[in-house]
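Residue numbers (full-length UniProt numbering), protein chains in the order written: chain A, 1 to 407; chain B, 1 to 407.
These aren't lab readings, by the way, just hints derived from the structure by calculation. Hints may be right or wrong, so weigh each one.
The list treats identical chains as interchangeable, and a pair is accepted whether it falls inside one copy or across any two copies.
Said to hold, decoys possible - Simulated crosslink set (SDA-like; lysine to any residue; CA at most 25 Å straight-line):
1) K170 x A263
2) K170 x D261
3) K116 x Q243
4) K116 x E136
5) K116 x Q138
6) K170 x G354
7) K116 x E142
8) K289 x E50
9) K170 x G59
10) K116 x A133
11) K116 x T259
12) K170 x Y400
13) K289 x T301
14) K289 x R17
15) K170 x R375
16) K170 x D260
Protein chains: 2
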Amino acid sequence: MSNLPEARALDAADPLRSWRGLFALPPGVVYLDGNSLGALPLGTASRLGEVMRREWGEGLIRSWNTADWISLPRRVGAMIAPLVGAAPHEVIACDSTSVNLFKLIAAALAMRPGRKVVLSEPGNFPTDLYMIAGLEAQGLAERRLAPRAELVAALDEDVALLLLTHVHYKTGAMHDMARLTRAAHDAGALVLWDLSHSAGAVPVDLTGCEADLAVGCGYKYLNGGPGAPAFAFVAERHHEALQQPLTGWMGHAAPFAFTDDYAPASGIDRLLTGTPPILALAALEEGVKLIAGIGMERLTTKSRALSEFLRAAIAETAPGLPCISPEDPTARGSQLSFRHPEAYAICQALIARGVIGDFRDPDILRLGLAPAYTRFEDCWNAAQALGEVLESGEWERPEYRQRAAVT
Amino acid sequence: MSNLPEARALDAADPLRSWRGLFALPPGVVYLDGNSLGALPLGTASRLGEVMRREWGEGLIRSWNTADWISLPRRVGAMIAPLVGAAPHEVIACDSTSVNLFKLIAAALAMRPGRKVVLSEPGNFPTDLYMIAGLEAQGLAERRLAPRAELVAALDEDVALLLLTHVHYKTGAMHDMARLTRAAHDAGALVLWDLSHSAGAVPVDLTGCEADLAVGCGYKYLNGGPGAPAFAFVAERHHEALQQPLTGWMGHAAPFAFTDDYAPASGIDRLLTGTPPILALAALEEGVKLIAGIGMERLTTKSRALSEFLRAAIAETAPGLPCISPEDPTARGSQLSFRHPEAYAICQALIARGVIGDFRDPDILRLGLAPAYTRFEDCWNAAQALGEVLESGEWERPEYRQRAAVT
Numbered sequence: 001m002s003n004l005p006e007a008r009a010l011d012a013a014d015p016l017r018s019w020r021g022l023f024a025l026p027p028g029v030v031y032l033d034g035n036s037l038g039a040l041p042l043g044t045a046s047r048l049g050e051v052m053r054r055e056w057g058e059g060l061i062r063s064w065n066t067a068d069w070i071s072l073p074r075r076v077g078a079m080i081a082p083l084v085g086a087a088p089h090e091v092i093a094c095d096s097t098s099v100n101l102f103k104l105i106a107a108a109l110a111m112r113p114g115r116k117v118v119l120s121e122p123g124n125f126p127t128d129l130y131m132i133a134g135l136e137a138q139g140l141a142e143r144r145l146a147p148r149a150e151l152v153a154a155l156d157e158d159v160a161l162l163l164l165t166h167v168h169y170k171t172g173a174m175h176d177m178a179r180l181t182r183a184a185h186d187a188g189a190l191v192l193w194d195l196s197h198s199a200g201a202v203p204v205d206l207t208g209c210e211a212d213l214a215v216g217c218g219y220k221y222l223n224g225g226p227g228a229p230a231f232a233f234v235a236e237r238h239h240e241a242l243q244q245p246l247t248g249w250m251g252h253a254a255p256f257a258f259t260d261d262y263a264p265a266s267g268i269d270r271l272l273t274g275t276p277p278i279l280a281l282a283a284l285e286e287g288v289k290l291i292a293g294i295g296m297e298r299l300t301t302k303s304r305a306l307s308e309f310l311r312a313a314i315a316e317t318a319p320g321l322p323c324i325s326p327e328d329p330t331a332r333g334s335q336l337s338f339r340h341p342e343a344y345a346i347c348q349a350l351i352a353r354g355v356i357g358d359f360r361d362p363d364i365l366r367l368g369l370a371p372a373y374t375r376f377e378d379c380w381n382a383a384q385a386l387g388e389v390l391e392s393g394e395w396e397r398p399e400y401r402q403r404a405a406v407t
Numbered sequence: 001m002s003n004l005p006e007a008r009a010l011d012a013a014d015p016l017r018s019w020r021g022l023f024a025l026p027p028g029v030v031y032l033d034g035n036s037l038g039a040l041p042l043g044t045a046s047r048l049g050e051v052m053r054r055e056w057g058e059g060l061i062r063s064w065n066t067a068d069w070i071s072l073p074r075r076v077g078a079m080i081a082p083l084v085g086a087a088p089h090e091v092i093a094c095d096s097t098s099v100n101l102f103k104l105i106a107a108a109l110a111m112r113p114g115r116k117v118v119l120s121e122p123g124n125f126p127t128d129l130y131m132i133a134g135l136e137a138q139g140l141a142e143r144r145l146a147p148r149a150e151l152v153a154a155l156d157e158d159v160a161l162l163l164l165t166h167v168h169y170k171t172g173a174m175h176d177m178a179r180l181t182r183a184a185h186d187a188g189a190l191v192l193w194d195l196s197h198s199a200g201a202v203p204v205d206l207t208g209c210e211a212d213l214a215v216g217c218g219y220k221y222l223n224g225g226p227g228a229p230a231f232a233f234v235a236e237r238h239h240e241a242l243q244q245p246l247t248g249w250m251g252h253a254a255p256f257a258f259t260d261d262y263a264p265a266s267g268i269d270r271l272l273t274g275t276p277p278i279l280a281l282a283a284l285e286e287g288v289k290l291i292a293g294i295g296m297e298r299l300t301t302k303s304r305a306l307s308e309f310l311r312a313a314i315a316e317t318a319p320g321l322p323c324i325s326p327e328d329p330t331a332r333g334s335q336l337s338f339r340h341p342e343a344y345a346i347c348q349a350l351i352a353r354g355v356i357g358d359f360r361d362p363d364i365l366r367l368g369l370a371p372a373y374t375r376f377e378d379c380w381n382a383a384q385a386l387g388e389v390l391e392s393g394e395w396e397r398p399e400y401r402q403r404a405a406v407t
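Take these sequences, add in the hints, and give me the full structure.
Quick look at the structure:
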């Protein structure tokens with residue numbers, strides 16, 4: 001039986017307790033949507049004020065050198081690297097997850113001439129599937145989807161790349177990265193992992209799994225702010241062979257020589273395309289700094305404890321609500337998802353009570369647990385609110401069924 | 001004969017005088033590099049503070065709806081539109097100039113099946129040429145370069161697209177957009193204009209010229225901050241046919257339906273790829289707001305008067321220094337460029353004196369005039385400093401010849 005005193009005792013004993021104070025969390029809100037948009041680190045507002053007023057306002061163009069703006073994509077990438085089991089020079093922060101997917105899918109196809117199939121699963125996050133479709137429309141790729149139980153069987157000699165999201169955005173189910181990477185390699189294919197729901201939330205060992213390529217999101221568990229730059233990983237052994245098609249001037253070996261012909265920079269830098277977005281990268285750096293400061297071991301321990309606590313609490317307050325996330329906490333991401341035909345209205349009713357989770361079409365209520373700042377008491381409050389919303393039927397109000405532009 | 005009292009009289013009579021006060025310009029600095037990085041608008045720091053603390057910190061995920069984050073790319077695009085002679089629904093703010101170039105070059109190739117040549121000129125801004133090279137390496141494009149005098153002759157039945165930068169970044173020379181667009185159309189090709197050195201600086205009439213496609217930079221004359229999002233234009237008549245390969249979820253007809261198959265949004269929205277970068281777009285919006293508020297007519301008048309004043313002043317203080325920008329102010333961008341074998345060291349010596357212009361490899365000193373905040377007195381001071389630097393030989397100091405990472 002979970003209860004409020006138990007939740008408070010767990011919070012009091014939580015080694016991450018003091019880190020929560022480094023985030024701006026509005027009073028009266030239980031925020032369980034850090035897997036969609038991470039909370040604002042207090043340091044971000046002052047850092048961006050400094051970047052704007054001192055570096056941009058006073059330093060002006062000189063800050064590319066004096067504030068070392070030019071190396072910000074590499075610096076932030078290196079800070080993300082240990083969170084995903086990569087070496088610092090294997091990760092870079094740039095563009096969006098979608099754009100980085102395009103670069104790396106195309107690069108993988110170029111590394112496997114004669115093979116055109118990119119294998120993924122139906123129901124993968126849309127942008128992953130759509131970016132394959134973009135290359136398919138260009139005649140460069142062929143999209144193949146197989147349900148997760150049939151993925152290994154679908155790996156044949158036509159497959160250039162296996163592209164999967166490590167933690168599923170809807171269910172939280174986690175792929176076995178080591179096993180699937182091995183299976184892809186056995187079939188002569190490369191593997192590209194989307195870590196959007198993993199980085200900063202669950203342990204990832206890209207190097208240990210011998211992963212080839214990865215991308216991930218900056219605005220979820222890394223707290224980089226809405227639409228923050230994403231990151232991309234390329235294993236060092238592929239650096240020299242890597243040819244990506246978005247060959248912009250910042251990925252050139254000598255951008256300031258202004259030559260007519262493209263020559264890729266050595267190493268991970270060749271993933272760069274346009275001028276780095278400094279304000280956005282500085283915000284991302286502040287978010288990553290906190291997560292890297294806590295470290296994946298403590299984040300993992302806390303994440304699993306939180307989700308187990310929340311699962312037990314909701315099993316008591318809303319016993320009829322099916323949880324569709326894996327039961328084993330080591331087999332799921334830092335979230336719990338529940339299925340209900342009126343999930344949208346239930347989610348709105350919860351938000352009206354100050355409990356912010358989110359809805360995923362058509363019938364999923366998703367509760368995210370950001371170990372850096374979510375408390376056990378938040379979980380307890382969320383479970384109570386969910387029980388009361390279901391019990392009272394208050395979600396039936398028409399205003400809770402009105403769909404907003406962004407759901 | 002230009003002189004300081006004359007400069008001050010011109011500033012006193014300048015109808016844009018009060019706008020300069022809306023930018024944060026450091027005292028003691030003559031900033032002639034707004035064509036590389038526009039100055040910080042005072043409103044940007046407070047706007048971003050508000051976006052961070054209130055919209056992100058307090059509103060959290062809800063702000064996608066409540067603060068209408070989701071429409072920011074369209075809103076900023078619509079605000080840029082009148083500056084380039086476009087309709088509001090023809091422009092969108094997203095990604096970098098380089099990434100937008102890739103989308104639109106690929107889209108043009110798809111609209112001209114059977115033609116693979118993308119025609120440009122040698123010495124065009126590198127990223128424009130490199131993005132063609134990226135598609136060339138994929139086997140989708142064939143890059144052809146012709147000197148500007150031979151461009152029209154190079155337009156044959158193999159050319160799918162003519163890709164040019166309207167105002168040349170090194171010399172400031174301006175192409176005749178109407179004439180070249182007509183010539184491209186006569187040859188059955190489309191035209192893509194890079195407006196990076198034009199938008200907010202010189203008059204552009206995309207609609208009047210019947211231009212097909214355009215891109216432009218957010219961090220030069222639009223003052224969006226270092227690495228700000230760029231913009232892209234597609235003439236309405238091409239909206240329905242437009243197929244660009246970076247088919248991310250934000251360009252989908254129904255992003256929140258989370259379907260497996262891509263279906264493009266109608267209109268300009270299909271140029272979107274990943275999640276919009278809200279902090280960066282909010283900063284860009286503040287910069288664009290000022291420029292749109294002044295309007296292109298007043299900006300053009302001021303720009304031409306400034307550059308004529310600066311040209312005359314430098315002709316007196318540094319009479320031996322060749323100006324390589326066109327003499328006719330209506331045939332050049334809002335800049336003046338000078339050639340000297342020691343341009344790098346001269347530029348550094350000027351910066352040491354507080355006069356910030358920039359250097360472009362191998363021998364160009366570039367002085368940009370941002371009509372929203374550059375004063376005639378700044379031009380007079382720059383001309384004096386340039387004369388003194390050349391006269392004294394102070395540029396010969398070894399520290400001025402040491403190349404920085406970013407030049």
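Hint check:
1. K170 x A263: between (41 Å within a copy, 21 Å between copies)
2. K170 x D261: between (44 Å within a copy, 17 Å between copies)
3. K116 x Q243: Both: 16 Å inside a chain and 21 Å across chains, each within 25 Å.
4. K116 x E136: both (9 Å within a copy, 18 Å between copies)
5. K116 x Q138: both (12 Å within a copy, 13 Å between copies)
6. K170 x G354: Within. Shortest intra-copy distance 22 Å satisfies the 25 Å Cα cut-off; inter-copy 55 Å does not.
7. K116 x E142: both (6 Å within a copy, 22 Å between copies)
8. K289 x E50: Both, since 17 Å and 22 Å are each at most 25 Å.
9. K170 x G59: Answer is between: at 23 Å across copies they meet the 25 Å cutoff, but 45 Å inside does not.
10. K116 x A133: The answer is both: 12 Å in one copy and 21 Å across copies each meet 25 Å.
11. K116 x T259: between (33 Å within a copy, 23 Å between copies)
12. K170 x Y400: within (21 Å within a copy, 57 Å between copies)
13. K289 x T301: within (19 Å within a copy, 48 Å between copies)
14. K289 x R17: This pair counts as within: shortest intra-copy Cα distance 17 Å, inter-copy 43 Å.
15. K170 x R375: within (22 Å within a copy, 56 Å between copies)
16. K170 x D260: between (46 Å within a copy, 14 Å between copies)
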